[in-house]
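> The chain contents come next:
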Amino acid sequence: DAGVTQSPTHLIKTRGQQVTLRCSPKSGHDTVSWYQQALGQGPQFIFQYYEEEERQRGNFPDRFSGHQFPNYSSELNVNALLLGDSALYLCASSLFRGDYGYTFGSGTRLTVV
Amino acid sequence: SQQGEEDPQALSIQEGENATMNCSYKTSINNLQWYRQNSGRGLVHLILIRSNEREKHSGRLRVTLDTSKKSSSLLITASRAADTASYFCATDLSGGYQKVTFGIGTKLQVIP
Numbered sequence: 001d002a003g004v005t006q007s008p009t010h011l012i013k014t015r016g017q018q019v020t021l022r023c024s025p026k027s028g029h030d031t032v033s034w035y036q037q038a039l040g041q042g043p044q045f046i047f048q049y050y051e052e053e054e055r056q057r058g059n060f061p062d063r064f065s066g067h068q069f070p071n072y073s074s075e076l077n078v079n080a081l082l083l084g085d086s087a088l089y090l091c092a093s094s095l096f097r098g099d100y101g102y103t104f105g106s107g108t109r110l111t112v113v
Numbered sequence: 114s115q116q117g118e119e120d121p122q123a124l125s126i127q128e129g130e131n132a133t134m135n136c137s138y139k140t141s142i143n144n145l146q147w148y149r150q151n152s153g154r155g156l157v158h159l160i161l162i163r164s165n166e167r168e169k170h171s172g173r174l175r176v177t178l179d180t181s182k183k184s185s186s187l188l189i190t191a192s193r194a195a196d197t198a199s200y201f202c203a204t205d206l207s208g209g210y211q212k213v214t215f216g217i218g219t220k221l222q223v224i225p
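If you read the sequences in order, they're chains A and B.
At position 54 of the first sequence (counting the first as 1) the number is 54 in the numbering used here, and the numbers step up by one without a gap.
Quick note, the numbering used here runs 113 ahead of the 1-based positions in the second sequence.
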C-alpha cells in the first residue's frame, strides 16, 4: 500500500524563479493538505484541496497556489521565489469525511539562492 | 500562527526512562493528534484522541486530553534510542472543515 509520494526530494532555485512541487496521496485518500516547515519550526498550513477545489487556506500570499487533479494528486506552485521560501514542503493526505489523522510524505527540501 | 504549544521544547533522558511531553492549545477542537518527525523527514502519525475522550493508549504511548484546561500530554514509556525525534501535537479545530494546525514541537533525545 503506497503511502504519500512527493517529488522532487530536493530542489535548488534562484530568487525570482517559479517552482512546482508534486504530491500523490495515499491510496483511498481524497484530500491533500500542504505545509511549509522552516528549520526548527513546526509545519505551517498553506492550503487544503478536496474535490479539485481549495477548501481552506492558511496565512500565505497569493504567490502560493495549488491544484488538485481528478486522481486526487496535487501540485503546489510558488511564484517569484524569495530567500525566505527556503523550507521543507510537506504534503499530507487524508479522508475529507473522517478524523483519522494525516499521512505525510517525506517532503521536498526547497533551497532558494 | 501556531495553535498548539509543546512543553518542554527539548528533553533529554536515558534509555529506559519515561518521557512526558505536554501540549496546550487555544480554541475548541474536534480532536488532537501527536506526530513524530525524524531529522527533518516527513511526519508520522502516532495517535489521535477525540474531544470526547480523556485517555488513549497505543503500545508504549499514552495520551491524555483535558478539554477544560485545553491541554494534552504524551507519555512514552520505557524509551529507546530509536524514539529520538521531534514530537508535535496538532489540533483539528471545531466547526468547518478538517484543518490540522501544528505546534512548535518537543525535541526528544534518548541517550543509550
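Just so you know, the hints here were simulated from the structure itself, not pulled from any lab data.
For each residue, glycine too, the CB sits at the ideal point set by N, CA and C.
Hints may be right or wrong, so weigh each one.
Lysine-lysine pairs mimicking DSS-like chemistry, simulated, CA-CA at most 30 Å apart [stated by the list, open to error]:
1. Lys182(B) - Lys212(B)
2. Lys139(B) - Lys220(B)
3. Lys26(A) - Lys182(B)
4. Lys182(B) - Lys169(B)
5. Lys26(A) - Lys220(B)
6. Lys139(B) - Lys169(B)
7. Lys139(B) - Lys182(B)
8. Lys26(A) - Lys212(B)
Across the chosen pairs, the derived CB separations fall in these ranges [as the list claims (entries may be wrong)]:
9. Pro225(B) - Gln41(A): 46 to 52 Å
10. Asn71(A) - Arg154(B): 35 to 41 Å
11. Gly172(B) - Thr14(A): 45 to 51 Å
Among the chain B residues that face chain A by a calculated CB cut under 8 Å, a handful are [unchecked claim]:
12. Asn151
13. Arg154
14. Arg163
15. Phe201
16. Val213
17. Phe215
18. Gly218
> I'd like to know which numbered hints this structure contradicts. Please list them from smallest to largest.
Hint check: 3, 9, 10 and 12 fail, others pass.
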